[in-house]
Amino acid sequence: MKKVSYLQNNRIKKKFSKLRTDKEKGLICYVMGGYPDPITSEKIISSIVDGGADIIEIGIPFSDPIADGPIIQEASFKALQKGVNPDICLNLIKKIRNRYPDLPILIMTYSNILQKKGFEKFMRMAKGAGIDGFILPDMTIEESAEYLEYSKKLELATVFLVAPNTSDFRIRKTLEVSTGFVYVVSVYGTTGIRNSFSNYTLTAIRNIKRISANRNNISVGFGISTPHQIKIMSKYGADAVIVGSAIIEMINRHKDDNIHILGNKLKNYVSSLKDACKSK
Amino acid sequence: MFLQREITMTKLQEFPIEGKYGKYGGKFIPETLVPAITELENAYKKIRNCSDFKKELCYYLQHYAGRPTPLYFAKNLTDYVGGAKIFLKREDLLHGGAHKTNNCLGQCLLAKKMGKKRIIAETGAGQHGVGTAMAAAVFGLKAEIYMGSIDIERQKLNLFRMELLGAKVHPVNSGTKTLKDAINEALRDWITNVKETYYLIGSVVGPHPYPMIVRDFQSVIGKEIKSQVKNITPRSPHALVCCVGGGSNAMGTFYPFLDNENVSLYGVEAGGLGIRSGKHSATLNAGSEGILHGMRTYLLQDEFGQINDTHSISAGLD
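Order-wise, the sequence lines are chains A and B. Following the working numbering, the numbering of the first sequence begins with 106 at its first residue and continues without gaps. Following the working numbering, the numbering of the second sequence begins with 105 at its first residue and continues without gaps.
If you're looking for bench data, these hints aren't it; they were derived computationally from the structure. Computed from a predicted structure; not experimentally measured. Wrong hints could be hidden among the right ones.
[What the hints assert, rightly or not] Taking lysine-lysine pairs in the BS3-like style, the calculated list, with each CA pair at most 27 Å apart, reads:
hint, chain 1, residue 1, chain 2, residue 2
1, A, 222, B, 124
2, B, 124, A, 314
3, B, 281, A, 360
4, B, 127, A, 226
5, A, 183, B, 383
6, A, 257, B, 124
7, A, 258, B, 124
8, B, 159, A, 187
9, B, 150, A, 278
10, B, 124, A, 226
11, A, 119, A, 379
12, A, 278, B, 124
[Claimed, not checked] Coverage of chain B stretches by chain A, computed from C-beta distances (three or more under 8 Å per stretch; other residues unrestricted):
hint, region
13, 178-185
14, 394-407
Using N, Cα and C, we set each Cβ at its ideal position, and we do this for glycine too.
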């Protein structure tokens, strides 16, 4: 298997190397850009980073988020209603980049956001704002020629997703073009909080880990919200976990509170998750 | 005001490579659905030229749905307009009340052959939902239909028909609460229940192989027109005119005529309150290139790529 190695100076790559040295698992946190509003959104991201998040995924809201469950759908919808657009999100990323020069930041959105502006143009703008890579849940490896070309040119990571029903043959092909990390979708379903996971999830993680043979960073997402779940995912081979809907839900729960209260709640929550990433 | 965009349609490949029609089509879908559409593509590849399958489908099209439908000479309309001789292909007389039944029977039979027990579908005006409920009923499959809550309000009668036929209808309250959100919700259901579920798409939309499958099952319309015209005149029709929402009736009508240069093909989109008003459904005339519902196509969208609401007085053309 050939391994793509164009990401020499990428912050994601450096972060995973450091996590390995420190014998820790990575904590990746997803936030919806500009939600509940651009100013609060910036403060939310700071609280999450201060709480110990290793990598931040910033969602750009899209009108038709087919891979998302109700929590993120609603956040998208409300952000759009308030006029959040990709330009506002890129501005937000610039601010976060200035504050945290070494923080790995990815954009998670749907292909049409890039398509509308033109893949090259949008990716250039996003690189300029300071991102390290993209996660596009509706981008398949078959359709990715243009996306891969510009990612390579701009030294951006291309995080592809692998599902529990993905064949071994396809996992191999996906691992070849995934850079930064590979995103293992833990469940059959959309994003959203789950109380428990079935055996197939753990089998899938173990299988991908086996095929990758430590050549890729394996990040597991969809449904994860508790320290206990993080420990399970780690035990079965995850190098990092991704938490999204639980963060949005916490934001929703404290939407009428003072930003400092919300900030502290998020910081404490994220730090409890990060503790689970450190435990052996 | 009429906008006219001329589209060059070359003879489409019967089985397009990688699901591409020029640069359009393709498959932009969450990874969980890739095994499902691969399974579908393989099953369809195997079955499409199988004579038993064709014979069985033909039986149901004739005896259950009522094909062939008449090609009716609209004398009064012809006299009134005073130009071309106008013929109507009466797909409205098909069982269920629309051409949708052609595709639903084809896909339900395919689903049955694939061993699927549960059918899901989206519907706008409700015609595809009715077609799905009807086809699922005849083949003993369970049907669940996603329909925008605004469309349910506009088309209560079709909701009633679907339920009478034994389908379960899920009202969709997300986004614009109309067809595009019903498709989103059906896709989310499919992602969640991918193993046992067959997603029956109602138009020439969605990831490959759907546009091809729907085109093939609807092309019975054009094929019939071709042979019915022969009984009337030795020449080909001068023109075929179809309304275009998702495009399945138009594609089914046009496809068998694509290689005949003497036949002009007209697709008519819903103008709504006028193109300039922004309240219309003229995706091909006034839209721009984008990626939605698994394919690259023309979309009504804003400068940032957010999908706009469509507008038509007809639920089903929006």
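Status of the hints after comparison with the structure:
With a C-alpha separation of about 22 Å, the suggested pairing of residue 222 (chain A) with residue 124 (chain B) holds against the 27 Å cut-off. Our distance criterion of 27 Å between C-alpha atoms is broken by residue 124 (chain B) and residue 314 (chain A), whose separation comes to about 33 Å. The straight-line distance between the Cα atoms of residue 281 (chain B) and residue 360 (chain A) is roughly 26 Å, inside the 27 Å bound, and the hint therefore holds. Proximity of residue 127 (chain B) to residue 226 (chain A) is assessed by CA-CA distance (about 19 Å); at most 27 Å being required, the pair is judged to hold.
Between the alpha carbons of residue 183 (chain A) and residue 383 (chain B) the distance comes to roughly 22 Å, so the proposed pair stays at or under 27 Å and holds. Distance restraint check for residue 257 (chain A) and residue 124 (chain B): the Cα-Cα separation of roughly 25 Å lies within the 27 Å cut-off, and the hinted pair is therefore satisfied. Note on residue 258 (chain A) and residue 124 (chain B): the hinted pairing holds, with a Cα-Cα distance of about 26 Å set against a maximum of 27 Å. For the hint linking residue 159 (chain B) to residue 187 (chain A), the alpha-carbon distance of about 55 Å lies beyond 27 Å, and the restraint is violated.
Among the hinted pairs, residue 150 (chain B) with residue 278 (chain A) is consistent with the structure: their alpha-carbon atoms are about 25 Å apart, no more than 27 Å. Between residue 124 (chain B) and residue 226 (chain A), the direct Cα distance comes to roughly 24 Å. Compliance with the 27 Å bound is thereby established for this hinted pair. Restraint check for residue 119 (chain A) and residue 379 (chain A): satisfied, since their Cα atoms lie roughly 18 Å apart, inside the 27 Å limit. For the hint linking residue 278 (chain A) to residue 124 (chain B), the alpha-carbon distance of about 21 Å falls within 27 Å, and the restraint holds.
Restraint check on the region 178-185 of chain B versus chain A: 0 residues with Cβ-Cβ distances below 8 Å, three needed, restraint violated. Under a criterion of three residues with beta carbons nearer than 8 Å to beta carbons of chain A, the stated coverage of the region 394-407 of chain B is upheld, 9 such residues being counted.
Of the numbered hints stated above, those contradicted by the structure are hints 2, 8 and 13, listed in ascending order.
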